[in-house]
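> Each chain is listed here by its residues.
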Amino acid sequence: MPRMKINVGPIHPSTHGVLRLIVDVDGDTIMDVEPHIGFLHRGVEKLMETRMYMQNPSYTEKLDYVAPMGWDDLYVSAVELAIGVEVSEPAQYARMILLELQRIASHLLWLGTLANDLGQMFTVFMWAFRERAKVLKLLEDVTGSRMFYVNFRLGGLSSELPIDFEDRTLALMDYLEEHVREYTYHLDSNPIFMERTKNIGVLTKKNAIDYGVTGPVARASGIDFDVRKELSYYMYKKIKFNTPVLSNGDCYDRYKIRFIEIQESINIIRACVQKMPKGSVKGAPIKLIGQPAKIDNIIIQHRELPRGEGIIYLVPEAQRPYRIALRSPSYINLSVLPHLSKGAKYADLFAILGSLDVVMAEIDK
Amino acid sequence: MSENLEPPYTVDEFVNAEREMTRLTEASLKKYNKNTNVMFGKLSDLTREMSKGVVNWSRKNSLWPLQFGLACCAIELMDFGASRIDAERKGYLLFRGTPRQCDVMIVAGWVTKSMVPRIKRLYEQMAEPKYVIAFGECATSGGPWWESYNIIQGIDQVLPVDVYAIGCPPKPENLFGALMKLQEKIGGKIDRDKERGITESIEKK
Chain E
1 MPRMKINVGP
11 IHPSTHGVLR
21 LIVDVDGDTI
31 MDVEPHIGFL
41 HRGVEKLMET
51 RMYMQNPSYT
61 EKLDYVAPMG
71 WDDLYVSAVE
81 LAIGVEVSEP
91 AQYARMILLE
101 LQRIASHLLW
111 LGTLANDLGQ
121 MFTVFMWAFR
131 ERAKVLKLLE
141 DVTGSRMFYV
151 NFRLGGLSSE
161 LPIDFEDRTL
171 ALMDYLEEHV
181 REYTYHLDSN
191 PIFMERTKNI
201 GVLTKKNAID
211 YGVTGPVARA
221 SGIDFDVRKE
231 LSYYMYKKIK
241 FNTPVLSNGD
251 CYDRYKIRFI
261 EIQESINIIR
271 ACVQKMPKGS
281 VKGAPIKLIG
291 QPAKIDNIII
301 QHRELPRGEG
311 IIYLVPEAQR
321 PYRIALRSPS
331 YINLSVLPHL
341 SKGAKYADLF
351 AILGSLDVVM
361 AEIDK
Chain C
1001 MSENLEPPYT
1011 VDEFVNAERE
1021 MTRLTEASLK
1031 KYNKNTNVMF
1041 GKLSDLTREM
1051 SKGVVNWSRK
1061 NSLWPLQFGL
1071 ACCAIELMDF
1081 GASRIDAERK
1091 GYLLFRGTPR
1101 QCDVMIVAGW
1111 VTKSMVPRIK
1121 RLYEQMAEPK
1131 YVIAFGECAT
1141 SGGPWWESYN
1151 IIQGIDQVLP
1161 VDVYAIGCPP
1171 KPENLFGALM
1181 KLQEKIGGKI
1191 DRDKERGITE
1201 SIEKK
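In order, the protein sequences belong to chains E and C.
Following my numbering, the numbering of the first sequence begins with 1 at its first residue and continues without gaps.
Following my numbering, the numbering of the second sequence begins with 1001 at its first residue and continues without gaps.
If you are wondering where the hints come from, they were derived from the structure by calculation, not from laboratory data.
Incorrect hints may have been included.
For lysine-lysine, the following DSSO-like pairs were computed, each having C-alpha atoms within a straight-line distance of at most 30 Å [claimed, not checked]:
| hint | chain 1 | residue 1 | chain 2 | residue 2 |
| --- | --- | --- | --- | --- |
| 1 | C | 1120 | E | 46 |
| 2 | C | 1113 | C | 1171 |
| 3 | E | 282 | E | 238 |
| 4 | C | 1113 | E | 46 |
| 5 | E | 365 | C | 1120 |
| 6 | E | 287 | C | 1171 |
| 7 | E | 282 | C | 1171 |
| 8 | C | 1181 | C | 1090 |
| 9 | C | 1185 | C | 1090 |
| 10 | E | 134 | C | 1120 |
| 11 | E | 365 | C | 1171 |
| 12 | E | 237 | E | 134 |
| 13 | C | 1181 | E | 137 |
| 14 | C | 1171 | E | 137 |
| 15 | E | 134 | C | 1171 |
| 16 | E | 5 | C | 1120 |
| 17 | E | 5 | C | 1181 |
| 18 | C | 1090 | E | 134 |
| 19 | C | 1113 | E | 137 |
| 20 | C | 1113 | E | 365 |
| 21 | C | 1171 | C | 1120 |
Here are a few chain E residues that sit away from chain C, every Cβ distance over 10 Å (derived from the structure) [what the hints assert, rightly or not]:
| hint | residue |
| --- | --- |
| 22 | 8 |
| 23 | 175 |
| 24 | 244 |
| 25 | 291 |
Cβ atoms here follow ideal geometry from the backbone N, Cα and C, with glycine treated the same way.
The shape of chain C in the complex, shown without the other chains:
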């Protein structure tokens, strides 16, 4: 049985074959005239641009938040998921229990030093593209605990934050507004990379 499982080629042969394939494709591409190449390139650019809009549109209208509450603000998060605010009509679907299925992490509550590695790990487990909302004073700046010995002054010291929702705690309507702001960002109305660049440059300082 074990003999049958061995691959029919060695690693060297496989690598060589791959190189040979690339060489052949490049050679065959050279045979076509220049104009066709340019046309192909423009077409692929065009499709990419067109699909970018479609992808962003579908991305922003099916946001899956992570079910992840830390402290007081998690109660307002529960209210957000309940019947009074029907968030699904705007495309915020069910709160999921695992980070692997989620797009948005809503940090609701104060972040203690012992929670930082765990939150980081949750963030790393989420699939790209991923977004972070700092929900409430504590996640934004440390809130009333800013001088405590066990609290970090805002989640933006650890993770790149996309939208801040401010209040103690913010109303569920405020979270709804924050998520709509995030949708604008994903849809391209606000330049997300540019804003992130600013925060990163601050972090480096």
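Looking at chain E on its own, in the form it has when it is part of the complex:
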């Protein structure tokens, strides 16, 4: 067969955003993939330097629009380090519950779209969105917004939790645990889904370390690394939870690991609700000129985002960041795509890309 190049994107239903791929194919076999990024670049890091500290969460949230709260938490906790603000214990538990709810919502969206990419048209997508809508409703009632919350303040949250928050959360967890299990009927016992994910796009442990992937993609390749355990922040050290690790590193494992993570998040939320002490979770209100940050120290903050490890590098000025650099997990995870898809069939390209779970706004920044 003659070799030819196929252009995919930048606007394509399966590229999960505005990603352009130039695929070099020999017949049906992929010889090379060249991702072109930058169609969403808007200069976030530069814009953030022009704003006061607490104006910036509305920028960081739009980095990863599938799980905005993760970046919000990462940025606000970096600022807390810079200024030297302690977070009260109830607020720490409240933040953990909200972050895990956000992780569940993010993984549910990913699950639905992956099933769509693999030809499981709309059944799992509809189910996942049904569950996600319930999670978002709870988050909306807590924060006042459906998608972009901006509810993290220095030392806590923007407002107190609703009175029936604990009951509603526990009821939602029961609902999720029951319904998320249903997906296995459509995915794990579906021969088409299994054939299109098993042993496709295998990432070995050595390659995963070399490329520097993090999060579920790394854990599916057998790397036992979770920032929640390694650099145990908030109250994660007081709660028993597992970080699932699988060893094959193929698309199926990358699907399965997120599936187990949803169940693990449910356990974390239940434990948090049980252990959460009574008290105010409200943080300091936003002031344009607030408490000044210490100028001479450089802040590096890590967080486990739904897509991997996010790092923020912050050189503080008194009232606003002097320099900010962001390490987005999707960017590093996307760099494996050419390696994984070499030698695969053309139809598997979207299974591989979908299983990496990239968000383009986070990559282009």
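Since the structure of chain E is already known, use the hints to place chain C on it.
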């Protein structure tokens, strides 16, 4: 074989024949009296008016949006297509992957300078009549990125926008409302051409 494929007439003959046909039709029309002509004209006007309503009615109740997400708002667009809001009951059918089958382009997200030619091209590929909805702050005015060096301040600098849905991001219900507004526009309750005329005059300035 090649001899058989040649047309049985030259180009000149074809053009002449066409002219001759027109002349003959005009001459035959002159033979009828004036009253019949007026009646024919009124009848055709009437049918056109009547079919206009039918055409607009069917047009507004079978809108095919383009599956085209840019940024955050595309997530709410997905929610719009999912089970919570049953949009098909109002005539918004499946999101299509190709612009050639679509009527509505929903611009969901911020528009960078490198995306402008691509969006323009997608718009040009859509068949007339076509409509544009600016979904969200970024597509309306640039949103939080309005002072960025790589963003255009709203899609209306490039394409004629029919309806704006405002929010960051707008709820799926808001998009539903915007599409119903668009239906009113297509159905003739809002004068679309007049509004477009206003935006065009602003553009010219």
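> With reference to the structure, classify each hint as holding or not holding.
Okay, the hints, checked on the actual structure:
no.	hint	in the structure
1	C/1120 <-> E/46	holds (28 Å)
2	C/1113 <-> C/1171	holds (26 Å)
3	E/282 <-> E/238	holds (22 Å)
4	C/1113 <-> E/46	holds (17 Å)
5	E/365 <-> C/1120	holds (23 Å)
6	E/287 <-> C/1171	holds (29 Å)
7	E/282 <-> C/1171	holds (27 Å)
8	C/1181 <-> C/1090	holds (12 Å)
9	C/1185 <-> C/1090	holds (15 Å)
10	E/134 <-> C/1120	violated (37 Å)
11	E/365 <-> C/1171	holds (24 Å)
12	E/237 <-> E/134	holds (28 Å)
13	C/1181 <-> E/137	holds (26 Å)
14	C/1171 <-> E/137	holds (12 Å)
15	E/134 <-> C/1171	holds (15 Å)
16	E/5 <-> C/1120	holds (24 Å)
17	E/5 <-> C/1181	violated (43 Å)
18	C/1090 <-> E/134	holds (24 Å)
19	C/1113 <-> E/137	violated (35 Å)
20	C/1113 <-> E/365	holds (14 Å)
21	C/1171 <-> C/1120	holds (26 Å)
22	8	holds (12 Å)
23	175	holds (15 Å)
24	244	holds (26 Å)
25	291	holds (25 Å)
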